[in-house]
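Take a look at the letters that make up each chain.
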Amino acid sequence: MNPRRVFSVLGLFDSAPLLMQAIPKVKTNVTARLEAYSPFPIHGIDEALGLRKSPLTGMVLVMGIIGVTSGLGFELWTSGIDYPLMTAGKPYFSWEAFIPIMFEIMVLFACFTAGLGMLMALNRLPFFRHPMLRSKAMGQITRDKFALAVEPKGETLDVDAIASVLKEAGAVSVEVIEAPEPIRIASPDFLLSVLLAIVISSAVSGYATYWAIKLFPVSIPMVHMLDQPRLDPQRPSGFFKDGFGMRMPVPGTVARGTTLYGIGSEDEAGTLVNPMPRTGQALRQGQQDYRTYCSVCHGIRGDGVPTLTAAYGAKPANLVSRTIIDLPDGKIHHVIIDGKNAMPAYAADLPEDERWAVVHYVRALQRASNAKDDDIK
Amino acid sequence: MKSSVPLLSRDLAIQQLQAPPVLHGKVSFGSLDDQVLAPVYVKPSPAWFVAFAITSTAALLGMGFIGYTIATGIGVWGNNIPVAWAFGIINFVFWVGIGHAGTLISAILLLFRARWRNAISRFSEAITIFAVICATLFPLIHVGRPWLAFWLFPYPNQRGVWPNFRSPLLWDVFAVNTYFLVSLLFWYIGLVPDLASLRDRTANKIRKFVYSILCFGWRGAASHWQHYEKAYLVIAGLATGLVLSVHSVVSFDFAVSLVPGWHMTIFPPYFVTGAIFAGFAMVVMALVVVRSTMHLEHLITEYHLEVMNKIILTCSCLMAYAYLMEGFTAWYSMNPYIQYTFMQYIVGTYWWAGWLTITCNVLVPQLLWLRWFRRHYAGMIFVAVAVTVGMWFERFVIIVSSLHQDFLPSSWHIYKPTIVDCGILLGSFGLFFTLVLLFARVLPVIATTEMKMILPGAQPHHQGGTHEP
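Line by line, the protein sequences are chains A and B. Just so you know, the first sequence maps onto residues 97 to 473 in our numbering. Just so you know, the second sequence maps onto residues 326 to 794 in our numbering.
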């Protein structure tokens with residue numbers, strides 16, 4: 097058998113003053129590291145043991161600054177850059193409104209750094225296999241006893257000598273705590289249990305995710321706003337006598353944005369003047385409408401040479417001929433509305449302003465076909 | 326000037342200035358543990374079960390009404406335009422405020438080194454956490470579709486939208502959540518050494534396992550205590566700023582709007598004071614019950630109760646100032662709308678609520694100038710109940726009285742709560758006291774570690790061996 101591997105030699109004291117008195121006595125006789133255990137913090141013990149100052153405040157300061165800057169940065173980025181949102185006429189980068197959340201994020205970062213940083217980073221907890229937790233003294237330490245332990249780092253201990261030093265310093269009892277068996281990572285038991293844990297946890301989380309994804313979209317708890325009874329156009333309805341869901345406008349209704357066209361014949365229309373100023377925009381609108389509706393029969397240049405000659409028996413009018421040039425604007429406009437001979441009516445396709453735009457464009461085509469030398473300049 | 330009274334010697338003067346003892350009788354480290362930790366292991370008394378039955382029934386009733394609200398829609402409440410915020414927000418502000426006393430006791434009084442706080446810090450921190458749980462419930466159900474409440478948090482989403490960080494309502498989300506998390510952390514950090522004590526006292530294997538996990542394997546090493554004390558102090562300092570910010574942010578929900586009666590600069594300090602006021606009343610009520618039923622009279626002494634009652638009295642005077650300031654602001658602003666709203670508080674439809682607030686919050690607490698009321702259960706409970714009622718109705722006045730008469734007289738509407746509103750309010754009280762009872766049953770109600778620190782002989786480096794420097 098190997099000699100016992102010793103983790104520490106621990107002396108138990110009855111009160112805090114006795115422990116404090118013992119520390120310097122033990123320190124002069126033992127070179128190994130000392131650690132004390134107590135049911136509550138004893139002020140001044142860190143200096144007596146020679147502990148270094150806690151770096152916690154520095155950690156908290158750094159994380160607090162990170163919290164402030166990341167909080168402010170995130171708010172500026174979301175509200176000013178990624179999704180620019182103007183509220184109450186304030187500028188995008190109105191940092192004053194971001195102070196409350198910036199402050200809360202700072203407190204959150206700093207507090208969790210203090211709490212978890214203390215427990216996990218500085219105190220290296222949780223540490224459930226720590227040999228102290230299996231000692232007899234532990235139960236008394238959390239109640240009303242105080243312990244001074246010699247915890248070597250690497251070097252071997254003369255257990256009996258240290259025990260007598262502790263006894264002389266006033267310890268009521270001395271306990272030798274054995275070092276734990278090191279965990280053998282390569283052992284089959286350990287590997288098997290790790291593997292089993294991975295399989296079980298991935299199966300559980302996998303199934304949970306699967307069912308969450310499957311069930312969440314179909315379980316809509318309140319559908320009141322999705323169920324909105326309404327009558328779509330072209331749908332039948334028993335509510336009206338004629339059985340149609342859609343209502344026709346009252347005869348004589350004039351749609352918004354249009355004027356009433358009360359002219360019955362082409363001759364009457366001759367007196368109408370084109371109300372639309374001849375601007376570049378009007379000509380472009382006229383060109384688009386002419387090419388869409390008129391050019392199929394009247395030809396792209398208005399010369400009455402259609403692209404679909406074979407399909408129609410009728411011969412479309414030559415719009416750049418002298419007859420049409422002499423026709424007043426109102427009559428051309430009337431023909432667009434009513435049609436003529438084989439030409440159908442286009443009133444339903446072209447609103448009023450677009451009809452007059454087409455008239456402008458026809459005039460432009462006429463001038464283009466009979467261009468004078470002056471026009472080239 | 327001649328004085329017939331001789332000057333005191335320096336020592337005598339210091340002696341007279343010293344605070345009275347915060348403990349009665351002889352208490353040792355071991356006996357403290359035995360007494361505080363024992364309720365965790367023994368079966369509770371029949372009285373506990375009766376109380377638990379009552380509170381949990383109320384809580385379940387409230388949960389039923391909440392379920393009904395969620396299933397049917399928010400229309401089952403009395404709120405409607407213009408009183409769109411009624412019980413939901415009143416209860417939220419009320420419960421968040423209750424929590425503030427706990428943080429004040431555990432954090433601010435720690436920084437002031439008030440020794441008497443050690444006995445009641447654990448209990449009042451627990452009250453903070455339970456009150457904030459009750460508070461968060463209300464905005465959650467008030468949004469109507471609580472399963473979409475996660476939209477309040479800024480997370481990357483396919484809609485490419487972020488919440489409005491300039492809105493006080495979003496500040497509220499951050500403030501209340503931070504407050505809850507930090508309070509929980511602070512409470513838990515304080516519990517860790519006590520959980521280690523529980524672990525070492527129990528023989529039951531399952532309990533031992535659970536406590537071992539919960540206390541992170543705490544072993545009380547001096548090198549750990551060093552970081553622990555520093556962390557505790559740092560969190561206390563941060564929590565002090567936090568607790569002042571939380572109710573200020575809650576008050577911004579009102580003050581940042583333009584509603585007459587809400588748009589006032591006094592609101593943040595006024596709300597924070599009111600919160601501490603109501604919170605102390607709640608702590609006094611709950612503490613009286615715990616103290617007498619768990620026989621902790623020598624640890625939580627009459628001195629503790631008296632000091633808390635003095636704080637209630639101070640807050641009451643501050644509240645009186647705030648109410649006067651509201652009237653002064655209305656008059657001095659020369660704004661007819663603010664003046665009209667203020668008159669609504671005292672002679673309008675809800676005049677009785679306004680006067681109930683003033684009676685309960687300003688007049689009744691003046692009884693605490695009398696020593697008898699500060700030191701006797703009947704007196705302090707009477708005042709604490711009055712303060713709780715008064716502070717609830719104060720929020721009722723602020724919210725309902727200010728809102729029910731809109732800028733547009735055709736929208737004016739008298740608000741009446743429904744049975745569902747009242748049921749959910751009752752349920753929140755049930756939930757709160759259920760949690761308090763469970764806490765008293767499964768965790769030590771007094772922080773034994775902190776109490777041990779102030780027992781005689783605990784701090785050899787300080788004179789007299791106590792914690793006092």
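Keep in mind that the hints are not guaranteed to be accurate.
Unchecked claim - Restraint ranges, calculated between C-beta atoms of paired labels, are given here:
#, chain 1, residue 1, chain 2, residue 2, range
1, A, Phe-340, B, Ser-736, 50 to 60 Å
2, A, Val-290, B, Ser-617, 46 to 56 Å
3, B, Tyr-393, A, Thr-355, 50 to 60 Å
4, B, Trp-697, A, Lys-263, 25 to 35 Å
5, A, Gly-302, B, Ser-735, 38 to 48 Å
6, B, Arg-700, A, Ser-260, 28 to 38 Å
7, A, Pro-325, B, Leu-473, 18 to 28 Å
8, B, Ser-617, A, Pro-276, 41 to 51 Å
9, A, Tyr-303, B, Val-468, 23 to 33 Å
Just so you know, these hints were derived from the structure itself, not from any lab. Every residue gets a Cβ at the ideal spot worked out from N, C-alpha and C, and that includes glycine.
Any hints from earlier that this structure breaks? Give me their numbers in increasing order, please. 1, 4, 5 and 6
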